[in-house]
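Residue numbers (the working numbering), protein chains in the order written: chain A, 1 to 401; chain B, 1 to 401.
Hints may be right or wrong, so weigh each one.
Said to hold, decoys possible - Per label pair, the in silico range of CB-to-CB distance:
#1 B:D274 <-> A:R280: 38 to 48 Å
#2 B:G117 <-> A:A10: 27 to 37 Å
#3 B:D302 <-> A:T236: 36 to 46 Å
#4 B:V120 <-> A:N12: 55 to 65 Å
Because the hints were derived from the structure by calculation, they are not lab data. We put the beta carbon where it would ideally sit given N, CA and C, even for glycine.
Protein chains: 2
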Amino acid sequence: MYDFYKDLIARNDSKIVLLVMDGLGGLPREAGGKTELATARTPNLDRLAAVSSCGLLEPVLPGVTPGSGPSHLALFGYDPLTFRIGRGVMEALGVNFPVERGDLCVRLNFATADAQGILVDRRAGRPKDEETARLAAKLQAAVAVPGFEIFFRPVKEHRAALVVRGPGLAEGIRDTDPQVTGKPPLPVVGTDPATTKKTVEVLTSIVAQAERALADEPKANRMLLRGISFFHPLPTLEERFGLRSCGIAAYPMYKGLARLAGMAVDDRPKTPADLVAVLRDRWADFDYFFVHYKYTDSSGEDGDFERKVRMIEECDALVPAIEALRPEVLAVTGDHSTPAVMKGHSWHPVPALLHSRYCLADGLPGFDEVHCARGTLGQRPTLHLMALLLAHALRLSKYGA
Amino acid sequence: MYDFYKDLIARNDSKIVLLVMDGLGGLPREAGGKTELATARTPNLDRLAAVSSCGLLEPVLPGVTPGSGPSHLALFGYDPLTFRIGRGVMEALGVNFPVERGDLCVRLNFATADAQGILVDRRAGRPKDEETARLAAKLQAAVAVPGFEIFFRPVKEHRAALVVRGPGLAEGIRDTDPQVTGKPPLPVVGTDPATTKKTVEVLTSIVAQAERALADEPKANRMLLRGISFFHPLPTLEERFGLRSCGIAAYPMYKGLARLAGMAVDDRPKTPADLVAVLRDRWADFDYFFVHYKYTDSSGEDGDFERKVRMIEECDALVPAIEALRPEVLAVTGDHSTPAVMKGHSWHPVPALLHSRYCLADGLPGFDEVHCARGTLGQRPTLHLMALLLAHALRLSKYGA
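Just chain A, same shape as in the assembly:
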């Protein structure tokens, strides 16, 4: 969709803030009840919604539950069906690894095999994070392939990230995870032997060295490779929309996604209050600020309705300090829904509000899923949001005479 816009992009001194409350959308605990957002006491968001254009955003396609990658790409104005991020790349971004163009990224699962090499646990008993960190460090010390840089990074439980950097690598390598126990891990195989020969050799060597190093581990004695994919940097927000952009987030994954879209990333936030402090500190340097608040999602993932309500209220309290900076455009929404009753992401549309000097004012009595359905922002794909942010910042010129 945004190919059309490139001739319309105009620059000015306006500031745009996109506050993403991760997993914001929710569901009632019981039929006819209120969602987390409708339950929460959100005086600031309610006040803002009354003078904003409100709507519901559908992250990817009707009924599609997105991961964090596609849902954030949509928020940033990248069609998540066109710009696909491999799972290996997401794993590296998720630990904030500084991926470079052409890095081959792998999602790595530790697993347990018996004496015959048959898999008996594809998650190696879900090791604790300290244990995973130890395993990754052990591999980092043990594995080397001349001419290549190899990076092992712990992620969580049985998961780690593997990044291979060097000449002649290619995509098109199949997963080595057989997806079931009772079989050995698959060998490293390329879909096209002509182009993937070198890559297969390198990865096969890495697996062999790793399994030698892991041979004495009681549980994590195998390594399964998944989602083997190149890191292709996206065209940046500067290139696409003329925006000098900054990502402000406390969690590695979201810093990685912001970096992927070409944003400068400020590494300092640790707490919610830090988000606003850093925003204020960087205010002069950028046009567009992506501010990421994580806890609405993590409480939803934990199935903790009450905590999600409190986390929404905590984020509501940040809003006045953002407003005080007087951005030309302030939008508040989520990347996707994470209803506590579902303990995970969902496909439900996400409430959104857009405030600017040039927005329609819906006069809705509150900011929640049901009220937003009546707003003038409409019910539309999340992908549309970037165009509306730009328009309300007067950063799109007229089309046609």
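Please arrange chain B on chain A, whose structure you already have, making use of the hints.
Chain B alone, transformed into the frame defined by chain A:
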């Protein structure tokens, strides 16, 4: 989108009226206030909205501010991203010049150059309209190229239209406006020398003759060519939708746009009351009537909120006389928004109502942006409207068994 519909088109004796209040959509003067339409006393539109299907129409794409050309094409059922009208053509249509297929149309700006031929004012001091008319007449008398018909028509201030008619002309000629002062006008250059040679010769000769004729002018001594484009007639509303159609408008631009879509155009309206008188007079002859009311846009362009409110009220008063003709379908909307606070067109969605024997009745308490957001017509591209008009006139047959 409408390729799909061509096999469904059915004809009957129904009458469809599309009343376009140009630039209808607006914005509140202050945060949380009412728009022009919400402020206006519109008893007739409010009464009609209560028994109509209402919605918000997005003229081109999210966040895109359209000119009159694309926004009217969308209303008439032509995808404005597929059917593009060159600026030169819009200029000729804007003065109601009877363009013919293959006419090469140019937007012409009078400019001032110093004794060295360097541009010092790209708008020639914005001459008064009488002055522009004199300049166009002077050029009309002075410029001739054997084998070609050449037409100069004044537009407004420094702007005029140039139309060249004759054999062997081609598109792909660059603007001669350097876009900045301090440089001379650019020569006439074609993007493809093989196909544009003849056109470059003709236009170069026209420019040379014009500049000789303008040599004694104190200000308008140069002529800059812009938006050089062919007039390609569109497939007509009769061909696409089986509609014998009539455009009823007081302003030249909208007569031109109606003609572009193959409408018969009635030239008589001068006042708003004339619009309805002419509609009544031509009632028996057509299926589809495009009735264009200009003053909501011009008052918005002037930034005059109060006058726009009055102009909306004036148009509201025309509605009963239109209803008295008992059209099978009556739709009221705008081509785009023109908020007085923005003094120009904007991207905001436009309120719309559609009334027929077969419409859902939303029971909304008033006709304005915020209420229409809740209607059963939905929030959708303006392009969808034509299909809904046809359907409500029972002019679309069933798809599939």
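A quick look at each hint next to the structure:
1. B:D274 <-> A:R280: 38 to 48 Å: violated, 59 Å
2. B:G117 <-> A:A10: 27 to 37 Å: Roughly 31 Å apart at Cβ, these two residues keep to the hinted range, so it holds.
3. B:D302 <-> A:T236: 36 to 46 Å: For D302 of chain B and T236 of chain A the Cβ distance comes to about 40 Å; the hint holds.
4. B:V120 <-> A:N12: 55 to 65 Å: At 28 Å between Cβs, range violated.
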